[in-house]
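Student: Those sequence lines, one after another, are chains A, B and C.
Letter by letter, the first sequence follows residues 1 to 268 in my numbering.
Letter by letter, the second sequence follows residues 1 to 421 in my numbering.
Letter by letter, the third sequence follows residues 1 to 407 in my numbering.
To be clear, the hints were calculated from the coordinates, so they are not data collected in a lab.
Being a predicted model, the structure only gives us computed values, none of them experimental.
Each computed EDC-like pair below joins lysine to aspartate or glutamate, with the alpha-carbon atoms no more than 16 Å apart:
{"id": "1", "chain 1": "B", "residue 1": "LYS165", "chain 2": "B", "residue 2": "ASP209"}
{"id": "2", "chain 1": "A", "residue 1": "LYS174", "chain 2": "B", "residue 2": "GLU177"}
{"id": "3", "chain 1": "A", "residue 1": "LYS183", "chain 2": "A", "residue 2": "ASP156"}
{"id": "4", "chain 1": "A", "residue 1": "LYS174", "chain 2": "B", "residue 2": "GLU160"}
{"id": "5", "chain 1": "A", "residue 1": "LYS174", "chain 2": "A", "residue 2": "ASP156"}
{"id": "6", "chain 1": "A", "residue 1": "LYS183", "chain 2": "B", "residue 2": "GLU177"}
{"id": "7", "chain 1": "A", "residue 1": "LYS183", "chain 2": "A", "residue 2": "GLU170"}
{"id": "8", "chain 1": "A", "residue 1": "LYS189", "chain 2": "A", "residue 2": "ASP46"}
{"id": "9", "chain 1": "B", "residue 1": "LYS165", "chain 2": "B", "residue 2": "GLU177"}
According to the in silico footprint, chain C covers these stretches of chain B (three or more CB under 8 Å from chain C):
{"id": "10", "stretch": "33 to 39"}
{"id": "11", "stretch": "286 to 297"}
Where is the CB? At the ideal position from N, CA and C, for every residue including glycine.
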Amino acid sequence: MTHTRFVPRHIARDARTLLVALALIVGLPTTGSLAVRAHAQAAPDDAQAVLDHVIDNLRGLSERATLELSVERPGRTVHYRMDVVSDGNERSLVRVTEPPQQAGEAFLSIGNNLLVYSPRLGRSLRLPPSGRSNAFLGSDLSYDDLAGGEYREQYDATITSRDADTITLELVPKPEAPTPYGKLVFVVKSASYAPVSLTFFDQRGNAVKRLTFSDFQDVQGRTIPQHFEVVDLLREGYRTTASYQDAQFGIAVPERCFSEAALERGCF
Amino acid sequence: MAIGTEAGRVTRRGTTVALWRLAWRNLWRQRRRTQLLVVVVAYATLAIIFLWGFIDGFMNGMLASQGRLVAAPVLVTTSAYHDDPDPLHPLPSLAPLERAALAQPGVRHVAPRLEFGALLRSPYTSEGVMARGVDPAREASVSAIPAYVTQGRMLAGPGEIVLGKGVADRLDSRLGERVAIDASAAGGPRSLGLRVVGIVDSGTPVVDDATALVDLADARRLSGVSTATGLALDVPRGRESSVAAALQSELPAGVHAYPVEQLIGQLARAVGWGRVEVTVLGVVFSLFAAITVTSTVVVSVLERSREFGVMVALGLDQARLSTLVTLESVYASVLGWLAGSIVGFALLWLFSVWNVFGPLFSGLYGSLLSGISLPSELYTIVRPEYLLYAAVTIALAALFAVLAPARRVRRLRPAEAMRSE
Amino acid sequence: MIALAWRNLWRQPRRSLTALGAVAVVVAFSTLYYGIGGAVGNSLYTQLTGSGGQVQVHAADYRNVRDFSGTLIPDADRVNGLITTHAGSGEVVGVLDVPALLIHGDRSRALALQGSDWPAGVRRAYLSTNPLTGTFVTPGDSDSIVLGTSLARALGVGIGDRVDVYAPGTEGFGAASYAVTGLVDVIDPAAQARTALVSLGAAQALAAPDAVSRFEVHFPDVKRVVDDGVSGSVAAELTPQLPKLQVETWRQLSPGLVKLLNAFGPMLAVITLIFYVLAGLLVVNTIYLGLIERVREFGVLISLGMSGRAMMALVTLESVLLCAAGAAVGAAIGTAGVAVLGRGFTIPGFQQYMASFGMDPMFYPSVTAAQVLQAVGFALATGVLAALWPASLAARLEPAEAMRFAA
Numbered sequence: 001m002t003h004t005r006f007v008p009r010h011i012a013r014d015a016r017t018l019l020v021a022l023a024l025i026v027g028l029p030t031t032g033s034l035a036v037r038a039h040a041q042a043a044p045d046d047a048q049a050v051l052d053h054v055i056d057n058l059r060g061l062s063e064r065a066t067l068e069l070s071v072e073r074p075g076r077t078v079h080y081r082m083d084v085v086s087d088g089n090e091r092s093l094v095r096v097t098e099p100p101q102q103a104g105e106a107f108l109s110i111g112n113n114l115l116v117y118s119p120r121l122g123r124s125l126r127l128p129p130s131g132r133s134n135a136f137l138g139s140d141l142s143y144d145d146l147a148g149g150e151y152r153e154q155y156d157a158t159i160t161s162r163d164a165d166t167i168t169l170e171l172v173p174k175p176e177a178p179t180p181y182g183k184l185v186f187v188v189k190s191a192s193y194a195p196v197s198l199t200f201f202d203q204r205g206n207a208v209k210r211l212t213f214s215d216f217q218d219v220q221g222r223t224i225p226q227h228f229e230v231v232d233l234l235r236e237g238y239r240t241t242a243s244y245q246d247a248q249f250g251i252a253v254p255e256r257c258f259s260e261a262a263l264e265r266g267c268f
Numbered sequence: 001m002a003i004g005t006e007a008g009r010v011t012r013r014g015t016t017v018a019l020w021r022l023a024w025r026n027l028w029r030q031r032r033r034t035q036l037l038v039v040v041v042a043y044a045t046l047a048i049i050f051l052w053g054f055i056d057g058f059m060n061g062m063l064a065s066q067g068r069l070v071a072a073p074v075l076v077t078t079s080a081y082h083d084d085p086d087p088l089h090p091l092p093s094l095a096p097l098e099r100a101a102l103a104q105p106g107v108r109h110v111a112p113r114l115e116f117g118a119l120l121r122s123p124y125t126s127e128g129v130m131a132r133g134v135d136p137a138r139e140a141s142v143s144a145i146p147a148y149v150t151q152g153r154m155l156a157g158p159g160e161i162v163l164g165k166g167v168a169d170r171l172d173s174r175l176g177e178r179v180a181i182d183a184s185a186a187g188g189p190r191s192l193g194l195r196v197v198g199i200v201d202s203g204t205p206v207v208d209d210a211t212a213l214v215d216l217a218d219a220r221r222l223s224g225v226s227t228a229t230g231l232a233l234d235v236p237r238g239r240e241s242s243v244a245a246a247l248q249s250e251l252p253a254g255v256h257a258y259p260v261e262q263l264i265g266q267l268a269r270a271v272g273w274g275r276v277e278v279t280v281l282g283v284v285f286s287l288f289a290a291i292t293v294t295s296t297v298v299v300s301v302l303e304r305s306r307e308f309g310v311m312v313a314l315g316l317d318q319a320r321l322s323t324l325v326t327l328e329s330v331y332a333s334v335l336g337w338l339a340g341s342i343v344g345f346a347l348l349w350l351f352s353v354w355n356v357f358g359p360l361f362s363g364l365y366g367s368l369l370s371g372i373s374l375p376s377e378l379y380t381i382v383r384p385e386y387l388l389y390a391a392v393t394i395a396l397a398a399l400f401a402v403l404a405p406a407r408r409v410r411r412l413r414p415a416e417a418m419r420s421e
Numbered sequence: 001m002i003a004l005a006w007r008n009l010w011r012q013p014r015r016s017l018t019a020l021g022a023v024a025v026v027v028a029f030s031t032l033y034y035g036i037g038g039a040v041g042n043s044l045y046t047q048l049t050g051s052g053g054q055v056q057v058h059a060a061d062y063r064n065v066r067d068f069s070g071t072l073i074p075d076a077d078r079v080n081g082l083i084t085t086h087a088g089s090g091e092v093v094g095v096l097d098v099p100a101l102l103i104h105g106d107r108s109r110a111l112a113l114q115g116s117d118w119p120a121g122v123r124r125a126y127l128s129t130n131p132l133t134g135t136f137v138t139p140g141d142s143d144s145i146v147l148g149t150s151l152a153r154a155l156g157v158g159i160g161d162r163v164d165v166y167a168p169g170t171e172g173f174g175a176a177s178y179a180v181t182g183l184v185d186v187i188d189p190a191a192q193a194r195t196a197l198v199s200l201g202a203a204q205a206l207a208a209p210d211a212v213s214r215f216e217v218h219f220p221d222v223k224r225v226v227d228d229g230v231s232g233s234v235a236a237e238l239t240p241q242l243p244k245l246q247v248e249t250w251r252q253l254s255p256g257l258v259k260l261l262n263a264f265g266p267m268l269a270v271i272t273l274i275f276y277v278l279a280g281l282l283v284v285n286t287i288y289l290g291l292i293e294r295v296r297e298f299g300v301l302i303s304l305g306m307s308g309r310a311m312m313a314l315v316t317l318e319s320v321l322l323c324a325a326g327a328a329v330g331a332a333i334g335t336a337g338v339a340v341l342g343r344g345f346t347i348p349g350f351q352q353y354m355a356s357f358g359m360d361p362m363f364y365p366s367v368t369a370a371q372v373l374q375a376v377g378f379a380l381a382t383g384v385l386a387a388l389w390p391a392s393l394a395a396r397l398e399p400a401e402a403m404r405f406a407a
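Looking at chain A on its own, in the form it has when it is part of the complex (with noise of 0.2 Å):
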């Protein structure tokens, strides 16, 4: 009854947020390094560059889309849908529309502030930093396996490898990076600059996750990914995909979407 020896000790941790996954379209907080947008005609064989390029590719474009996410683990599997959107920069709304336990439920991120609406308080609340760490809706990446601008200086890139369509980077993390991983392997097209598939592998040389992109549309010059799927290379039957439908890019959205009022009414 009390909290004696009998409860297990830790907290179920590794569930992370929801909102992770959507780091990558909806650009959240980098460090800033955005400016780099004017690389775009860097040489290809540089490796950086081309990291550069796919970071940019995937950045800086308003967007508004529906998103359905789906968290699978042995024996059962939930699915979401939201309606997202983003400024392309630092801020983005996210509103829970299913299933209808967590229907209502809204999340607004502007930089490092994140907000919480839950129907049921009818209210909203201000989650503190340490909330973003602990147990969420789950899914299989982590905020900081995405905080894209961190990419750039974090690790040192090189190119292992061209074919036809593609280029493998291999990201190896500076010494002090804040990342547990031993490397990373960046697959993307070389025409694009579009993301294929993102390995992380551990110390000792073993692939632990795998990230990878596909179901590619053409925006405004640029080649995105509208699909993407998280397995878990260690445990069997851990899978997260994540699906963007009727995505709308670099439309204009209007300043109060980014309110707290929109977290309860939306804002379109």
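Model the placement of chains B and C on the given structure of chain A, informed by the hints.
Tutor: Frame of chain A, contents of chains B and C only:
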């Protein structure tokens, strides 16, 4: 005749010295009986002294271990932090506190500490820990943990982390690998990548399953605290309470010095109970020994009834005679007490340098009590006051002597006595 | 010869009684001491089972599963019913632990919120060692929460204030708001900063409808380890009924306690052994003094033909009879004492102390027959050993000298 001369000597001068010598000689007229008495008292004394040395050693070991492995000999924190250990309640300033502490007699070293909740991430999993930011150069003076780094080495500076074996196992993190650490500061989440440079294996679960040491500079970056959550003081074992109390007057309002006894919580009282038990046992042992002495002296008196009768008839003060008898009791007890003390202290000294009990007890208790470390090294303590505790035997023997054989002597009627068998 | 030995003892009633009394005291003390040791063990047992029950049911492999849903037992109502039918007289309690964030204004704490409907006996035991201000959670109450006092302070709330609870990654509403109705001064300061209690229904609505983290089966009337036969039998009966779940007894849940309880015996034996040696020495002294007084008499006996062996036997017999009589008296007093106290006693003045240690202030001593027999056995052994030296002296008496012996 010998007795007459003795008694004559006593009555003539009435000196107590003669009485004492007589009592002594009487004891040794019954050599074997006296030897047996001495053995009994010696044994009781030995048992009392040893039990005391043991229980004090146990308590001492527990506090030393708690002070050097889990908490600190003396920890200076805000009182708000003591109630709610969170970096939200850091020390207001560090330098003036360090100065005040070092100026206090009894404080040999100081070491700042910043404890904060953090998430450690390996490629496989993540674990919440209470990380401790330390000054690598100074931490060893207040903590025994650096001495238990069995793989690798202790921290040398920023960018490094030392993990308890249990933590490293749960994360599946090896020496030389990097872990990511996330913490939340007031200004937002902060993350760092730290290399595992050392693994701690102390044999104590509360240490091995929870230790995560980082450099103080990294801790400040991660938590947003610019000072520290606590200042640990290196104080010799036994003086923690007095030094903390003395230091308290030099500390600003809201800041408190907590000696290890206040950081160990309920356990100190549990061992205090052990002290009560040893006291009770000690008194009972003394009682048994005193009864033995008394019964022997009673027999001796009975046997010497005739002799005593003669002495009284010759004019020896009956009061003196009863004093004689009491003295015999006291002598026998003192002899036993001396013999027992020598052996007792010899044993205590032996176990104060030879760690026999440590592995025995930490094996028994270690896994049961969480949050408390038990010493893997357990030594007995040697203290002169144990002599006093054991001397209760002498006091009781004297008391019983007065109540029984001496009284019997006082009521002696010479004529009857001289006729007795 | 036994009759002779016995009569000899009573020629010096006071001395013999003293030695007999000493042996009786030691045997009684040993029995009581074992009883107290048993009481301490029982106290640890009641503390453990009072807070967690004698038997617990969890999801399979719950210790290794990391996500929240994997640790849950679904279909809780049905499982509850199933367990109840096989639990005999035990009370079945469902507990749901929810990893949650408690928020009030700009202050927050992450912890495991506990939802449970506490049975009266368990609640009483908990609150007797952890004082409550205000009111406790009641079953069915979906709006109240009880917090540890220091937790409430950290959040800046008092009785009557509301806290928000956010529990994402779970399957219920995921968020809720409660009114603080009570504050608990949990003994363990670390636990106090993490204690947040709601009713089972409230926790289920928040995070996991019709699910629990575990079921506990409580037998509040079983207060002594020796009386606990139900744990094993209930667990054995439940296991086949719940194939997908893990059924464990308190012994499997707390092997450290079992180890400690097993160690009590040897530790107590050492202390009592030290005591027995002392009593033995007192007996030696008594026998020896008796010997001295009867030296002339023994001289006569030997000259009349009694062998050295027989002398030894006589002396030894006296010693053993003395100790046996003392042991009998002591055992009787000791067991009677444990029986009387075994129904539960408290030491005035120690109650506060016990409570502060988190232990049940009531003591329930218990002693096993084996322990009493051990004490008696020790006493008899003491009798034999104590006689060794005086008996050998008696055997070597020279009749002529002995008969002339003058004290």
